[in-house]
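Asks: Read off the chains here:
Number of protein chains: 2
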Amino acid sequence: MSRRLAVALVHHPVLDAKGQVVTTAITNLDIHDLARSARTYGATDYFIVHPITAQRDLVTRICEHWRDGSSGRRIPDRKVALALVRTVVSLEEAVGALGGRAAVEVWVTAARALGPSVALHEARVRLEGEGRPVLLVFGTGWGLSAEVVEGADAILEPIEAKAATGYNHLSVRAACAIVLDRLRGAGS
Amino acid sequence: MSRRLAVALVHHPVLDAKGQVVTTAITNLDIHDLARSARTYGATDYFIVHPITAQRDLVTRICEHWRDGSSGRRIPDRKVALALVRTVVSLEEAVGALGGRAAVEVWVTAARALGPSVALHEARVRLEGEGRPVLLVFGTGWGLSAEVVEGADAILEPIEAKAATGYNHLSVRAACAIVLDRLRGAGS
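As given, the protein sequences belong to chains A and B, one line each in that order.
Oh and the first sequence: position 121 is 121 in the working numbering, straight run, nothing missing.
Oh and the second sequence: position 53 is 53 in the working numbering, straight run, nothing missing.
Mixed in with the good hints, there may be bad ones.
Since the list gives no way to pick out one identical chain from another, each pair is judged satisfied if it fits inside one copy or across any two copies.
Distance condition first, Cα-Cα at most 20 angstroms in a straight line; then the derived SDA-like pairs of lysine to any residue [unchecked claim]:
| no. | residue 1 | residue 2 |
| --- | --- | --- |
| 1 | LYS79 | GLU93 |
| 2 | LYS162 | HIS121 |
| 3 | LYS18 | GLU92 |
| 4 | LYS79 | ASP68 |
| 5 | LYS162 | GLU130 |
| 6 | LYS18 | ARG74 |
| 7 | LYS162 | ALA123 |
| 8 | LYS18 | LEU5 |
| 9 | LYS162 | ILE52 |
| 10 | LYS162 | ARG56 |
| 11 | LYS79 | VAL21 |
| 12 | LYS18 | HIS169 |
| 13 | LYS162 | ALA186 |
| 14 | LYS18 | LYS79 |
| 15 | LYS162 | GLU122 |
| 16 | LYS18 | SER70 |
| 17 | LYS79 | TYR167 |
| 18 | LYS18 | SER71 |
| 19 | LYS18 | ALA113 |
| 20 | LYS18 | GLY131 |
| 21 | LYS162 | ARG124 |
| 22 | LYS18 | PRO76 |
| 23 | LYS79 | ALA164 |
| 24 | LYS79 | VAL89 |
| 25 | LYS79 | GLY42 |
| 26 | LYS162 | ALA119 |
No lab work stands behind these hints, which were simulated from the structure alone.
For clarity, every value in this text was computed on a predicted model and none was experimentally measured.
Can you make the complete structure from the sequences, with help from the hints?
Replies: If you want it as structure tokens, here you go:
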């Protein structure tokens, strides 16, 4: 019996290149790729966090197109993944949908070390046990704001290659896939 | 001392939903995401295989924009990854660039079992040893044609979650990231 796992992709509050808090735009392939990865690794929900109504509506229209439209008939597998998508105004709304702050463990991810972090193999063990649902949070732009990181229950270690390559600028699509595989893949 | 590792993304010959051999279009984020993952895990080359000149030229123009243009000034890290990109007409040209067929091991990836496959943890051990350069091949569309698979030296096992989720329709961007992490990540 494994714990419930949900994924969130945050478009606000996130950082820009200069460290300012900004709101990023929806990227179409973020919707698809994270939904497909989430579904592959048995996550129950994929929250797309955006404060702007028109951007949330865009996500909804894209998902409808793949559920009821011509693309849904062309690639039926896709709707199974996109069925996990839930648009929310804020990370708090995502936490609320899972039962409220006291009922959820919030785990944030980061490309750089932001303080004491939990190793991914340790997080994997925690996830396999009993416990509250886990909300696994990814940031767009240059990463989650300090406010989001400080409010989390755990910071997961940054993904790295075994040999030092001096580079770890993965896309959020790649990072989410790798973290899910480290947490729930058949390889470990 | 680890073996040289290169990545190839094939747009022809690949399969469509009905199993016909087709040529797919270049997807902008495939250029970026696979380049960033390749660079993060120390691959030396990222071959984008496309038989159509205008599509290869598109890749070249995008890479130039991130090397010399305004985007290169905005996100300098990106050019370090995109420097790995090499456009080629065919997979044979990629193999030739690495020294020719006898000098290269071609490992293909697939989302479904296509015959006897090499486990990713075994492939990781092989890659850590001495030996010929490895060309790790990913397909777009519905996957690599039988011709490419049959010409390979090894078929890597499909990526799966540990618990059966009944779904493994990952994007090629996610699949490439996960395979590179299984082969060269700090987690195993």
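Asks: It remains to establish, for every hint, whether it holds in the given structure.
Replies: Hint check results:
For a Cα distance limit of 20 angstroms, the shortest separation of LYS79 from GLU93 qualifies neither inside one copy, at 24 angstroms, nor across copies, at 37 angstroms. Proximity of LYS162 to HIS121 under the C-alpha cut-off of 20 angstroms is found in both arrangements, the shortest distances being 14 angstroms within a copy and 14 angstroms between copies. For the identical chains of this complex, LYS18 and GLU92 are neighbours neither inside a copy (25 angstroms) nor across copies (44 angstroms), given an alpha-carbon limit of 20 angstroms. For a Cα distance limit of 20 angstroms, the shortest separation of LYS79 from ASP68 inside one copy, 9 angstroms, qualifies, whereas the shortest one across copies, 40 angstroms, does not.
For the homomeric pair LYS162 and GLU130, the shortest alpha-carbon distance between copies (17 angstroms) is at most 20 angstroms, but the shortest distance inside one copy (30 angstroms) is not. For a Cα distance limit of 20 angstroms, the shortest separation of LYS18 from ARG74 across copies, 11 angstroms, qualifies, whereas the shortest one inside one copy, 42 angstroms, does not. Taking the shortest Cα distances, LYS162 and ALA123 sit within 20 angstroms of each other both inside one copy (18 angstroms) and across copies (15 angstroms). In this assembly of identical chains, LYS18 and LEU5 lie within 20 angstroms of each other by CA distance neither inside one copy nor across copies; the values are 32 angstroms within and 34 angstroms between.
For the homomeric pair LYS162 and ILE52, neither the shortest alpha-carbon distance inside one copy (40 angstroms) nor that between copies (37 angstroms) is at most 20 angstroms. For the identical chains of this complex, LYS162 and ARG56 are neighbours neither inside a copy (38 angstroms) nor across copies (33 angstroms), given an alpha-carbon limit of 20 angstroms. In this homomeric assembly, LYS79 and VAL21 never come within 20 angstroms of each other (Cα to Cα): the closest approach is 33 angstroms inside a single copy and 25 angstroms across copies. Taking the shortest alpha-carbon separations for LYS18 and HIS169, only the intra-copy value of 16 angstroms comes in at or below 20 angstroms, while the best inter-copy value is 36 angstroms.
Proximity of LYS162 to ALA186 under the C-alpha cut-off of 20 angstroms is found in both arrangements, the shortest distances being 19 angstroms within a copy and 4 angstroms between copies. In this assembly of identical chains, LYS18 and LYS79 lie within 20 angstroms of each other by CA distance solely across copies; the values are 19 angstroms between and 37 angstroms within a copy. For a Cα distance limit of 20 angstroms, the shortest separation of LYS162 from GLU122 qualifies both inside one copy, at 17 angstroms, and across copies, at 16 angstroms. In this assembly of identical chains, LYS18 and SER70 lie within 20 angstroms of each other by CA distance solely across copies; the values are 17 angstroms between and 42 angstroms within a copy.
In this assembly of identical chains, LYS79 and TYR167 lie within 20 angstroms of each other by CA distance solely across copies; the values are 12 angstroms between and 35 angstroms within a copy. Within a single copy, LYS18 and SER71 get their C-alpha atoms only as close as 39 angstroms, which misses the 20 angstroms cut-off; across copies the closest is 15 angstroms, which meets it. Taking CA atoms no more than 20 angstroms apart as the test, LYS18 paired with ALA113 passes inside one copy only; the shortest distance there is 17 angstroms, against 46 angstroms between copies. Taking the shortest Cα distances, LYS18 and GLY131 never come within 20 angstroms of each other, neither inside one copy (38 angstroms) nor across copies (44 angstroms).
In this assembly of identical chains, LYS162 and ARG124 lie within 20 angstroms of each other by CA distance both inside one copy and across copies; the values are 18 angstroms within and 11 angstroms between. Within a single copy, LYS18 and PRO76 get their C-alpha atoms only as close as 41 angstroms, which misses the 20 angstroms cut-off; across copies the closest is 13 angstroms, which meets it. Taking identical chains as interchangeable, the C-alpha atoms of LYS79 and ALA164 lie at most 20 angstroms apart only when they sit on different chains, with a minimum of 19 angstroms there against 39 angstroms within one chain. For the identical chains of this complex, LYS79 and VAL89 are neighbours neither inside a copy (23 angstroms) nor across copies (34 angstroms), given an alpha-carbon limit of 20 angstroms.
Within a single copy, LYS79 and GLY42 get their C-alpha atoms as close as 15 angstroms, which meets the 20 angstroms cut-off; across copies the closest is 35 angstroms, which misses it. Taking the shortest Cα distances, LYS162 and ALA119 sit within 20 angstroms of each other both inside one copy (14 angstroms) and across copies (19 angstroms).
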